[in-house]
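*Asks:* Two independent chains are provided; combine them into the complex using the hints.
If you read the protein sequences in the order shown, they are chains G and F. All residue numbers for the first sequence refer to our numbering, where the first residue is 1 and numbers rise by one. All residue numbers for the second sequence refer to our numbering, where the first residue is 1 and numbers rise by one.
Some hints could be false.
Distance condition first, Cα-Cα at most 25 angstroms in a straight line; then the derived DSS-like pairs of lysine-lysine [stated by the list, open to error]:
1) F:Lys7 / G:Lys479
2) G:Lys479 / F:Lys46
3) F:Lys28 / F:Lys46
If you are wondering where the hints come from, they were derived from the structure by calculation, not from laboratory data.
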Amino acid sequence: MYRYDEFDHSLVKERVEQFRGQVARRLAGDITEDEFKPIRLMNGLYLQLHAYMLRVAVPYGTLSSKQLRKLAEIARKYDRGYGHFTTRQNLQYNWPALKDVPAILDELASVEMHCIQTSGNCIRNVTSDQYAGAAKDEVEDPRIISEVIRQWSTFHPEFSFLPRKFKIAVSATEEDRAAIKVHDIGIQVVRNDKGEIGYQIYVGGGLGRTPMIGKKIGDFVPKADLLAYLEAVMRVYNMNGRRDNLYKSRIKILVHEIGAEEMQRQVEKEFAEIRKTGALNLPQDELDRIEAYFADPAFEALSDDANDLDAAIAADQGFAHWVTNNTAAHKKPGYAIVNISLKPIGGTPGDCSADQMDVVAGLAEKYSFDELRVTHEQNLTLAHVRKGNLKAVYDALKAADLATANVNLITDQIACPGLDYCNLANARSIPIAQEISNRFADMERQHDIGELKINTSGCINACGHHHVGHIGILGVDKKGVEYYQVTLGGSADENTAIGDILGPAFTEQDLPNAIEKIVKIYLDTRQDGERFIDTYRRVGIQPFKENVYEAH
Amino acid sequence: MAQHMRKGAKEQALTANRLIDGVVVYLKADGTLSESLQDAEVAEGKEAAEALLARATPFVENNEIIEPYLFEVEKADGAIRAVSVRETIRQAGPTVRLDLGKQAELSGVHG
Chain G
1 MYRYDEFDHS
11 LVKERVEQFR
21 GQVARRLAGD
31 ITEDEFKPIR
41 LMNGLYLQLH
51 AYMLRVAVPY
61 GTLSSKQLRK
71 LAEIARKYDR
81 GYGHFTTRQN
91 LQYNWPALKD
101 VPAILDELAS
111 VEMHCIQTSG
121 NCIRNVTSDQ
131 YAGAAKDEVE
141 DPRIISEVIR
151 QWSTFHPEFS
161 FLPRKFKIAV
171 SATEEDRAAI
181 KVHDIGIQVV
191 RNDKGEIGYQ
201 IYVGGGLGRT
211 PMIGKKIGDF
221 VPKADLLAYL
231 EAVMRVYNMN
241 GRRDNLYKSR
251 IKILVHEIGA
261 EEMQRQVEKE
271 FAEIRKTGAL
281 NLPQDELDRI
291 EAYFADPAFE
301 ALSDDANDLD
311 AAIAADQGFA
321 HWVTNNTAAH
331 KKPGYAIVNI
341 SLKPIGGTPG
351 DCSADQMDVV
361 AGLAEKYSFD
371 ELRVTHEQNL
381 TLAHVRKGNL
391 KAVYDALKAA
401 DLATANVNLI
411 TDQIACPGLD
421 YCNLANARSI
431 PIAQEISNRF
441 ADMERQHDIG
451 ELKINTSGCI
461 NACGHHHVGH
471 IGILGVDKKG
481 VEYYQVTLGG
491 SADENTAIGD
501 ILGPAFTEQD
511 LPNAIEKIVK
521 IYLDTRQDGE
531 RFIDTYRRVG
541 IQPFKENVYE
551 AH
Chain F
1 MAQHMRKGAK
11 EQALTANRLI
21 DGVVVYLKAD
31 GTLSESLQDA
41 EVAEGKEAAE
51 ALLARATPFV
61 ENNEIIEPYL
71 FEVEKADGAI
81 RAVSVRETIR
91 QAGPTVRLDL
101 GKQAELSGVH
111 G
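So that you can see chain F by itself, here it is in the shape it has in the complex (with noise of 0.2 angstroms):
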């Protein structure tokens, strides 16, 4: 899980899977969760990440997400877009399965 973790990131977000079906989702501002990156809060700098990957801890403790962990974004005409390829797939779902993930499902989602 090293690669999309990239040391010195400006901006970063914080993403999860969903306990009870396994669902990527990402933290809001106003500390609720959603399935789209795009509603997810963007931290900016070293100090803001932190604290953003701290306030994930009630909702591991309340058992509704699981490995929770930040990843660079950055913020491009008014969307955020994921950094990695990786963490572009996992805001949108198998590059080969159009039909299957966020990708067919929510408004937003970058390729």
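Excised from the complex, chain G in its bound form (with noise of 0.2 angstroms):
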């Protein structure tokens, strides 16, 4: 993985100092509140509900062991003993206190880590696929680009003020696991016919009050030309993207009021210009300096053939699950990815104690090249795992109640943290969660429903991505009650969906029932083979509307 090079460890050095300094001047009363304020922020240091709350970037969703060994000490030592992981790929403490915050950062700092761009009206850390560097069709790690496009963007002067956070993802396989079309910029790694590689650009997606889905406007923007065409789709939103209404200040709104194809032509003619200078273009030595980052690991050369493996399985039913559930099909024969579920059932989705991270930090370091990924979907994953060994890393999961086997099931359930820790939701989603997830807890039944993403958000905001949920879930308040509105036929892979309004919002009482009718009417309806959303893209919405209204 990724290094820092000695402009990075200054970089944050520097910055780590001069927030010690701006929170000193705060606590003795130098600077204001008001002024105080944007400088936390774009430290990462939010104020929730109950306290501060600092949100660690985690690039493109890759930690090293000893980055996460960090994060459970810092854990320990300034929290609560756990983070939470995001669907931003970061993590989260809860409870830090602003006099901690300056050691909290010395600590990150120490193993190349730090909250830089993970609030504000800057370029967000880049996300991407948990299975970078292990999937089957990768066309290249997407982490490569996605390092350029960090250093590109960290601190880079001329969009430290854009009208509105903007978020890049990255994809290069054709399976979409990162969810490139509900980001501001979505890029695609793409080989052309004479086997260049080359990136599709998707823009103006995004989630919250105003979904949309990612228009495609680039087709294969050649890889030296990259930073290039980004910069030149940011300069058409820095100059044209509406900074009068908060609402409207995202880039999707730009792109759907003057349309792709204008979008587009603005953004070739600002590329064009900027490709005259060349000043952007990208040197060749510098960009594989960061491909040998990623280079693979030294794997083994092994055979596929498993039969202590199938043994294992044979022997054991909880195993059996797991391995069909959690683990995935590995690029290199004899290896396998695997999926750990921060899900456990009735759990918080994403939540991770210190404890659990060191044990997850100890597998990653003894079984996967000492590296691990977070996932949007709040899950975390060890790339590359020998199928051997598969059993001892089950083992080890599950004495610390991390080897709940259902990812991608029903109970795999992304939500936001809510009411229960949010300043601006209007509706608790964890408990939501859980109580799904103990309704649907019989891992047969899970099985027998298939995969199925229930997204829950306490606001409109949509941290819980709910309109891409298979079954989507919004918290709203109504005169001081909550209550749930419904969303079917979802979807933030690679046929990307806003999902559909089911009808009148349900009391929290009685969503759960509403959510048993859903999967009825779907097993009742659905043919051989059949996921839900499969189901749901052939009978639409309305046999749904037509039964889970109706009375007992």
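*Replies:* As structure tokens, then:
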């Protein structure tokens, strides 16, 4: 994985020292909260419902074992012994004290981490595919270009005060695990007929108050031109994005208002100007330097025959379920991708205790070349595990309550922190996810239902990605009472779709029964091999509308 | 932050976060701050509420608290209860982690 060079080190160190001084001046009363607030936000420090919240950047979701151990140490030393992995592949601490934050940032810097680009109207932390470097059909490791974008965008003076925040996601396989079409810019790494690598560019996707699917404006941006092209998009947005209305300030509104063709025209024009200077040509030696950090680890030449594994699967039903649901095919024979569910039955999606972080760090170190990934679905991934080691990994995860075999099943839900933690929320999210999880806890039943993604947000800002859940749940406040609006048919993969509203919202008490009914209608309607989303696409919302609201 | 500030609220208390550590505090009648809602001064009527809000200003200027605001409460059986779900959670802690927040540290919090 990428290691800091001298510039990265000094940049982060300088920022920590700067913030230390700013916190001291704030506590001494030399600067007001109005002056300090934008500064703390630029360092990932928010004020939430109960306390401050510190958001730590995990660039493109990749962590080393050492980094995860440090996150565990910080959780114990400065917080309440746990952290929360988010849909932005980041980690949030829910209880840090302002006075401790400079020390926390020091600790993070010691393992090449920081909280930059986790707040404010800048280009945020780039997100990517958790299977990077391990997926079978990958064109190129998407983290290479993610790292290039990180270096280009960090503290970019022209893009530090955009109309609104800006999120970029990168995928390099046909199957999209990075939800690129619901980002401000989505980048699909592709290869042309000549075998050259380039990029398809989608702009104007996003969730929140006005969900939009990104429009493709670049078919094949050559590798060397990527930054020039991205800079062109940013310039068009920076010039023409709306600053007069917070709710219309994202690039998706601009693209929607002027249309994809006009957006493309303006970007191409700007792109041509930037190319004239040549200043943003990606130098091959720098690309090579970054690429080397993401070269394959020292895989062994193994066979895919795994007699021991087959025997272990036959002997242990729990392990069999886990292998089926939580592992994925790896590009190298004899290896597997392991997904670690952070969705224990009845638990809080994305929460991970410091002790669990240490366990995962140990497993990554021992069995997966010393690194791991955070997924935007709030799970963790060990990308390169030998099949012969799967049972040992499973046993260790099970002992740490981390072996829930539910990845992509109905209890593998995304949920934002909601009103239990968040200052913006209108309703709670976590208890909803927990109740659904408890309802559908039975593993055989989960298997029977198959792939079904339920996403819950506690407000319209949609951190819980409810618009793109197969079943989406949005918490709303109606005169002080929490209600939940349900959408169906959303999807965040290569067939991205925004869910359709089912009908009137449900109370907290009625919602689980409504979910039960939705699932039952699917089970009664599905044809051979259909997942929930397939059935929904075939039959539409009407059968669900007709049956969910009918009286008992 | 609109949800908990209901127009026409009869009884209100004042809350804020402590600058140094972010802890939720309430303004008491004796002019000090408490971490417990049960210690909060309850202002009845619009004028008393405005006066309560004004009394937060010195704490803000003194850099002790940030983001003060009024919220609706009601008195029942000698206790003070927050009316909204949001403020109920704020005076107690996350409903999904009963071992954390004021509910784990103080007496008199309500669910």
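*Asks:* Which hints from the list above does the structure break, by number from lowest to highest?
*Replies:* No hint contradicted; all consistent.
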